[in-house]
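Chains A and B are the protein sequences, given in the same order. Position one of the first sequence corresponds to residue 1 (the numbering used here), numbered consecutively onward. Position one of the second sequence corresponds to residue 1001 (the numbering used here), numbered consecutively onward.
Rather than coming from a laboratory, the hints here were simulated on the basis of the structure. All C-beta atoms in this analysis are idealised placements derived from N, C-alpha and C, irrespective of residue type, glycine included. It cannot be assumed that every hint is accurate.
[As the list claims (entries may be wrong)] Sample of chain A residues at the chain B side, in silico, Cβ under 8 angstroms: (1) 13; (2) 16; (3) 19; (4) 23; (5) 34; (6) 44; (7) 47; (8) 48; (9) 52; (10) 55; (11) 56; (12) 59.
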Amino acid sequence: MDSSAILSELQDIFRDVLDQPDLVLTPKSNASTVEDWDSLAHINLVTAVEKRYKIKFALGELQDLKNVGDMADLIQTKLA
Amino acid sequence: MEPKGPNRLEHGILGPMSDTEVPLLSTFALEDILMKRKGLKRRLSARPHLRPVRIAILGGATTNEVADLLELYLIESGFLPTLHQAEYGRFYVDAVHSPEALIAFAPDIVYLHTSVRDIQAFPPINATEADLTQYLEAELQRYRQIWTSLGEKLNCTIIQNNFEPPVEAVLGNLDASLPGGHTRFVNELNRAFATSATNKLLINDVASIAARVGLDRWFDAERWFSYKLHTTPEGSNALALSLAAIVRGIYGKTRKVLVLDLDNTVWGGVIGDDGVDKIAIGRETPLAEAYTAFQEYCLSLRNRGILLAVCSKNNEEIARQGFEHPDSVLKLEHISCFKANWDPKHQNIEAIARELNLGADSFVFVDDNPAERAIVEAQVAGIAVPNIGNEVSHYARIIEAGRYFEQTSFSKEDIERAALYQENSQRAAFESKFADYGEYLDSLEMTAEIARFKPLYLDRITQLTNKTNQFNLTTRRYAQHEIEAAAINPDAIGIYGKLTDRFGDNGLISIVLGQKQGTELDIELWLMSCRVLKRDMEQAMLDELVRHAQAIGITALRGTYIPTKKNGMVADHYDKLGFNPVSETEDGVKTYLFDLHEYAPRNTHIRLLDATEL
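All chains should be built: construct the whole structure from the sequences, respecting the hints.
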């Protein structure tokens, strides 16, 4: 699966978790541009992503990510 | 990669859901609940008559995940929760030194979401027994202060977690026995918590809950270091389910009656067909042992005050014989209400509720047949219908997981309750989800394959003729070669019926065999498995029989009913289908005739596979 396909699935996950059916994610989206993406929502989002792709993020792996595009890339690496 | 869940979510078991109609959370995968929690909460909250409850959660760790799930389960249980979550790690301070926020919130319940990670000081590894006592006392003192303070300042019930075992056992097995072992320390603390429990201080038995989930699946180091969550999502979910059960217990929303199906639920086999001697119960086979174990589980529920009722599609007299089986753990005296007949089960459950004078929303219905579970769940408001599957060895575990019978205290009356209930007065009629029975049948999405005997099925057809006793008009037995002969005899019409529904394939379940005699077809055999009773399969079989009969110039059907001890349920089979009675012998053998001249097909609820699909 390529990074843009993952990004589109991430959009679905974010829409569900944040209960924002019209949310649009771009690769540049991050916690400051997405409404309600606070530290508690972050836990829920990470948990949902881990469950969806059956992957685990290692300690510190998420800290360096700048935006959703980076997250999609990281997921792609883990799935490869 | 494709997740299993979302489809089920969008189209719950009875089709797309409206805003107020949310399928049971227990039918969702945890990942779906976690992902769709906000939307689910919105939908569940729209239901009427929710009971407000205020719960303060004081945590030694991040409480949000448990709080979110608890909120969802409470709403599903009919509560409207308002939650207050204290600052992370401040449970002691908030309860003892600065309770202003708590007092202002005025909770009905305070939940202390603590874990083994909140233990302040474990004894050193070389501790003596005396040291251990001191360390225990110090640790317990904190919790006693919390409980006392909350009790004095608030009028609330306290739910206190006990402790799961430590993840690491530094001393190995000695960790549980030496005074310096952390496992030993936790076990001692839990014992002290147990003796402190009252009806205002309830212990949430995390030690057991974590053990059931499995400690390695309970704790996730990444989550702890990253988010100070001391449970995995599975652990949080198990905690939330337990807490919701305790809250239901506090408010008396505990279920009181276990309603049991019989065949393949409390014993193996079909008693009406196999006979009481052949049902699986006792110690002779692994299967029999498993049914015995399940009966023992049911009896242990009764012994703690849960009423047992029977709701079975069966001949009552034959059904009762099952409980007279010498190996049956359950006896008739244990059953507070016994309904064995051929009426739809939701009607019988309605009758049980009336007789026991209890709401069916306090019932748990246990049946191995998914179609029965579905109609009862849809028709009886508030009843719990766990998906027990069809493996008896799992029934008890699945029922237990529902936490239906949680109580916050246990009295002598509870033990005696089962004896207290007497038959009682009428109760208001139940609301029905389906407008009529036909709508229910349509919801089953049934498809039938009805065709002439074919070699592939001759074994199964022969077998059915020899073991079907209840829905069997003539109870004639056939050897394999006789069935083979009928299959190729141009003057014989033998048809079989297979039925699938949205729950799966019921297999080959009906057979009709007739012999051409001039322009009449003499129906010498008509049988069906009781598993598919009241599905209109008889109508579909008749349609096909008539079609094949007319194709070889037959103008009338001749039906015969030969009564036996077991086939009373089909005594009026031909009457119901509109056959005209012709004669009746002293032995009760009845014959009928049925004119085909103006026959119009009857089946409207079952889709038939056409020739190209066979």
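Going through the hints against the structure:
1. 13: 6 angstroms, holds
2. 16: Cβ of residue 16 of chain A sits 5 angstroms from chain B, so the hint holds.
3. 19: 3 angstroms, holds
4. 23: 12 angstroms, violated
5. 34: 14 angstroms, violated
6. 44: 7 angstroms, holds
7. 47: Residue 47 of chain A check passes; min Cβ-Cβ to chain B is 6 angstroms, inside 8 angstroms.
8. 48: Hint on residue 48 of chain A: holds, closest Cβ of chain B at ~5 angstroms, below 8 angstroms.
9. 52: Holds: closest Cβ of chain B sits about 6 angstroms from residue 52 of chain A, inside 8 angstroms.
10. 55: Nearest chain B Cβ about 11 angstroms off; hint violated.
11. 56: 7 angstroms, holds
12. 59: Because about 6 angstroms separates residue 59 of chain A from the closest Cβ in chain B, which is inside the 8 angstroms limit, the hint holds.
Checked against the numbered hints above, the structure breaks hints 4, 5 and 10 and satisfies the rest.
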